[in-house]
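Trainee: Top line first, the protein sequences correspond to chains F, P and Y. Each position in the first sequence, counted from 1, maps to that position plus 118 in the numbering used here. Each position in the second sequence, counted from 1, maps to that position plus 449 in the numbering used here. Each position in the third sequence, counted from 1, maps to that position plus 76 in the numbering used here.
Hints listed in this document are in silico derivations from the structure and should not be mistaken for laboratory results. Honestly, I wouldn't trust all of these hints.
Pulled a few chain P residues facing chain F out of the computed Cβ check, cut under 7 Å [said to hold, decoys possible]:
| no. | residue |
| --- | --- |
| 1 | Phe470 |
| 2 | Ser472 |
| 3 | Met475 |
| 4 | Ala482 |
| 5 | Thr511 |
| 6 | Met513 |
| 7 | Val515 |
| 8 | Ser569 |
| 9 | Ile697 |
| 10 | Ala729 |
| 11 | Phe732 |
One side of the interface only, derived from the structure: several residues of chain P facing chain Y at Cβ under 10 Å [what the hints assert, rightly or not]:
| no. | residue |
| --- | --- |
| 12 | Asn473 |
| 13 | Ala477 |
| 14 | Arg648 |
Keep in mind it's a predicted model, so treat the numbers as computed, not measured. For glycine and all other residues, C-beta sits at the position ideal for the given N, C-alpha and C.
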Amino acid sequence: MTDGAIGPATPATPLSGASARRRSRIDVSVGGDRIYGWLTTAFALIVPILLGAIAWAVFRAGWPALHRFGISFFTESDWDPVHDRFGAAPAVYGTIVSSAIAIVLATPLAVGVAIFLSEFAPPRVRQPIAFLVDLLAAIPSVVYGLWGILVFVPFLREHVMSFIRDTLHLGGLPFFSGPAYGPSMLAAGCILAIMILPYISAVTREVLLAVPRSQREAALALGATRWEMIWDAVLPYARSGIIGGIILGLGRALGETMAVTMVIGNAHDISASLFAPGYTMASLIANEFTEATNELHVSSLMAVGAGLFIVTVIVNVIARWLVWRTARGKSI
Amino acid sequence: MSSAAAPAKPAVRRTLRRRKFTSNLMIALTCVAALLATLPLILILTQLLRLGATSVNWTFFTHMPVPAGESGGGMANAIAGTVMIVAMASVIGLPVGIGAGLYLAERGSARLATSVRFLSDVLNGMPSIVLGIFAWQLLVRPFKHFSALAGGVALAAMMIPLVTRTTEEMIRLVPVATREAALALGYSKWRTSLSVVLRTALPGIVTGSLVAVARIAGETAPLLFTALGNPFWSLSPTRPIAALPLQIYSYAISPYDDQHAQAWAGALVLIALVLVISLAARFATRSKFGTGGD
Amino acid sequence: MAPAVIERVVPIATTAELEAGAPACVATESLSASFGSARAVRDVSFSVNSGQVTAIIGPSGCGKSTLLRCLNRMHETVPGARVEGVVRFEGRNIYAPGVSAIGVRRHIGMVFQRPTPFPTMSIRDNVAAGLKILPRADRPSKHETDAVVEDALRRAALWDEVKDRLDASAIALSGGQQQRLCIARALATSPTVLLLDEPTASLDPISTQKVEELVYELKSQLTVIIVTHNMQQAARISDRTAFLLAGELIEYAATNTIFTTPSDPRTEAYVTGRFG
């Protein structure tokens with residue numbers, strides 16, 4: 119039966135004996151291929167379904183508030199649970215300001231570190247420093263918050279704020295006016311800067327490494343100093359990728375919750391002063407949820423979440439598009 | 450050259466000196482940036498060790514939290530809770546992530562695949578508190594109580610894009626030749642994908658999965674209104690459950706010093722947990738055969 | 077089961093019997109293959125008899141590897157690849173609807189240009205890889221598998237070098253050893269035909285020689301079709317040679333004829349080294 123003999127074959131006969139038996143079993147495998155295909159497709163489809171479910175959940179939860187207040191929900195600044203008046207403008211303002219501070223502080227540092235690591239660092243120094251910078255991303259948000267609330271904020275209050283106010287006499291400026299108890303927009307911005315630094319740095323490093331050697335060598339051959347080479351030949355090439363990294367960091371900063379809620383002071387205020395406490399959208403939700411008094415209050419918090427959802431989706435799409443564009447540009 | 454070059458020379462030299470000075474200055478500034486960038490990490494870690502090490506003791510791991518003012522409290526329930534929630538999240542998140550990663554690696558250019566990859570990246574950037582809202586709306590509101598399961602689902606949603614991306618990358622790294630060798634032997638496509646390709650990429654996938662696990666273990670925001678926290682010992686999936694990050698948070702914002710000390714201890718343990726998992730990930734990538742055959 | 081597995085490869089008819097009209101083992105009829113819109117193989121028709129070594133030669137990019145890969149339905153694993161025409165294995169069209177590619181590949185084995193041992197498997201598991209997937213009725217027991225593994229390694233001239241470390245990682249072997257391992261792996265399933273795609277291209281001269289001796293010995297047990305860009309190699313080990321140029325079969329005759337008295341001027345130009 120299992121001879122598999124190579125005998126005379128006519129077009130009508132099946133492949134040799136044993137394989138005919140094998141063949142009927144082989145058809146089962148082809149079924150296996152189809153099942154495998156369906157399974158992996160199903161798992162992959164969970165991603166868009168999940169995203170849709172998140173959008174649905176967030177808007178469903180926030181609908182009562184959105185329906186009641188409309189778009190003015192995000193422009194009104196009166197947040198009064200007792201009188202059922204909810205305006206999330208302070209939170210929106212705080213989100214923008216704290217993220218802006220974070221970007222302003224983090225970007226030069228992150229790009230500087232990335233340039234240092236990819237261009238100047240001696241090999242023995244490169245590994246440990248890169249590792250340390252990347253490790254910043256592994257620290258949980260709550261640990262940043264803990265350090266923030268117990269170490270950094272007191273430090274800010276006792277040394278930095280008084281330095282700026284009294285020693286530099288800048289207390290007259292609107293940015294530094296008002297009481298300075300510690301928890302503030304500035305504190306939030308600084309901690310956010312530390313948290314998003316590794317992301318901007320990692321993307322920048324990657325993009326810098328992808329700049330072809332020929333660009334660098336051409337600049338040097340023309341007599342450029344090392345810095346000029348970087349500024350004129352390397353950075354422009356990597357520009358959209360770096361901007362993509364910055365926007366990626368921005369996306370992270372927008373959604374950061376725990377560290378911010380622990381150091382920002384949690385006050386529904388719009389103030390020009392960086393020393394004043396405030397709210398961000400994420401920290402507002404985190405802080406008030408457990409104390410939410412009624413359905414509308416909860417729904418308002420969820421509506422803030424819906425706003426946060428939309429903003430981060432937009433920012434992330436822009437970031438990915440930019441990074442994607444650099445990647446495409448590279449291959450051309 | 451022309452005689453006009455003679456008076457030009459000092460000017461060129463001055464410019465060159467200035468340019469070189471600028472260059473060296475900028476290089477020095479990037480060194481400063483590097484130092485400044487590593488400073489917070491060193492500060493935080495040393496402070497963590499200093500303030501937390503004293504409170505990490507046997508009691509910490511075996512006792513339950515006690516009211517403020519009393520001594521001898523611990524975070525046993527929180528540690529167990531974190532383990533449980535992370536396990537639940539992994540049970541959901543790992544298969545989905547690996548399956549989706551397989552799909553993306555093998556059907557890379559199909560239109561559905563590019564959309565899924567893009568949406569996975571969008572999901573990756575979703576604030577974790579929004580994921581908490583999602584799980585709350587889905588699993589807490591209808592049943593009217595908080596649960597460990599809801600927390601697990603929120604964390605799973607966070608895990609899926611992470612695992613998907615690393616799995617796809619690792620599968621893509623397996624050379625086409627390996628796949629072809631299996632096909633040429635008569636392996637069916639699904640067998641090739643699972644027994645040969647996935648198996649070859651497994652160390653990298655395990656690393657990626659462990660990194661994702663370490664990431665979600667430290668998350669607090671998604672648990673705020675799903676798992677909620679629990680002062681008592683509970684491992685039930687349908688009841689609120691304590692978690693290490695939640696406990697650290699509630700102690701950190703309390704006004705009591707001894708609870709602050711406990712918070713530092715908790716943070717130290719959490720970081721140690723994250724580190725141990727990352728090291729385990731590094732360990733997993735070592736070939737089981739070691740280096741160089743026999 | 078080991079002896080039975082070897083017996084499945086029955087003694088092949090002598091050349092005389094073949095030339096008397098026994099059916100070809102592998103034959104193509106107007107075979108064309110393309111990658112998307114680019115044609116790699118154009119309208120090739122030839123047949124290979126059992127018990128012979130057939131070489132396919134030609135300059136780089138002439139389509140010889142593509143042609144080879146059409147013979148065991150590996151060409152279609154590339155996205156966008158298409159095959160037209162007929163390939164007959166023992167008389168039956170392997171591209172007919174209803175014929176499973178997997179079944180074909182279990183009868184027609186392949187060894188690739190670069191050694192491709194499965195990196196996570198031991199030497200033993202690598203060789204036995206093709207046996208693990210046989211349907212339950214045909215699958216050998218552990219004891220039988222070990223016998224098949226030993227036999228395959230002996231036939232691949234690798235047994236003596238690895239017999240003491242069958243459980244070591246396959247990637248710890250040298251390049252030449254890995255390639256012989258791949259040959260052993262292909263032989264373990266007792267295929268009727270063995271396709272070799274430039275098997276010695278990445279090997280050192282000693283390993284190359286070992287593989288060539290191996291091919292020569294295999295001749296009596298199965299049919300071998302080898303693609304090579306090394307003309308001397310083709311001359312050394314093959315019985316018949318096919319010359320391909322830009323996807324077309326220019327000439328197909330006894331090796332001796334191709335290399336001493338080719339009929340087509342292009343063949344002559346190639347084998348005398350005027351191009352390629």
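Trainee: Hint by hint, note whether the structure agrees.
Mentor: To see whether the hints hold, each was checked on the structure:
1. Using the Cβ-Cβ criterion of 7 Å, the hint placing Phe470(P) at the interface with chain F is not satisfied: the shortest such distance is roughly 9 Å.
2. Taken as an interface hint, Ser472(P) checks out: its beta carbon lies about 4 Å from the nearest beta carbon of chain F, inside 7 Å.
3. Nearest Cβ of chain F to the Cβ of Met475(P): about 4 Å, under the 7 Å cut. The hint holds.
4. Hint status for Ala482(P): holds, given a least beta-carbon distance of 3 Å to chain F, under 7 Å.
5. For Thr511(P), the interface hint is violated, the least distance from its beta-carbon to any beta-carbon of chain F being 23 Å, above 7 Å.
6. Violation of the interface hint for Met513(P) is found here, the shortest Cβ-Cβ separation to chain F being roughly 20 Å, above the 7 Å cut-off.
7. Given hint, Val515(P) at the interface with chain F, is violated; its Cβ is 20 Å from that chain's nearest Cβ, farther than 7 Å.
8. A least Cβ separation of about 5 Å between Ser569(P) and chain F falls short of the 7 Å threshold, and the interface hint therefore holds.
9. Among the interface hints, the one on Ile697(P) holds; its C-beta lies about 5 Å from the nearest C-beta in chain F, closer than the 7 Å criterion.
10. For the restraint placing Ala729(P) at the interface with chain F, the shortest Cβ-Cβ distance is roughly 14 Å, beyond the 7 Å limit, so the hint is violated.
11. With a least beta-carbon distance of about 17 Å to chain F, the hint placing Phe732(P) at the interface is violated under the 7 Å criterion.
12. Because the beta carbon of Asn473(P) sits about 48 Å from the nearest beta carbon in chain Y, more than 10 Å, this interface hint is broken.
13. With its C-beta approaching chain Y no nearer than about 46 Å, Ala477(P) sits outside the 10 Å limit, and its interface hint is violated.
14. Against a cut-off of 10 Å between C-beta atoms, the interface hint on Arg648(P) holds, since the closest Cβ of chain Y lies about 5 Å away.
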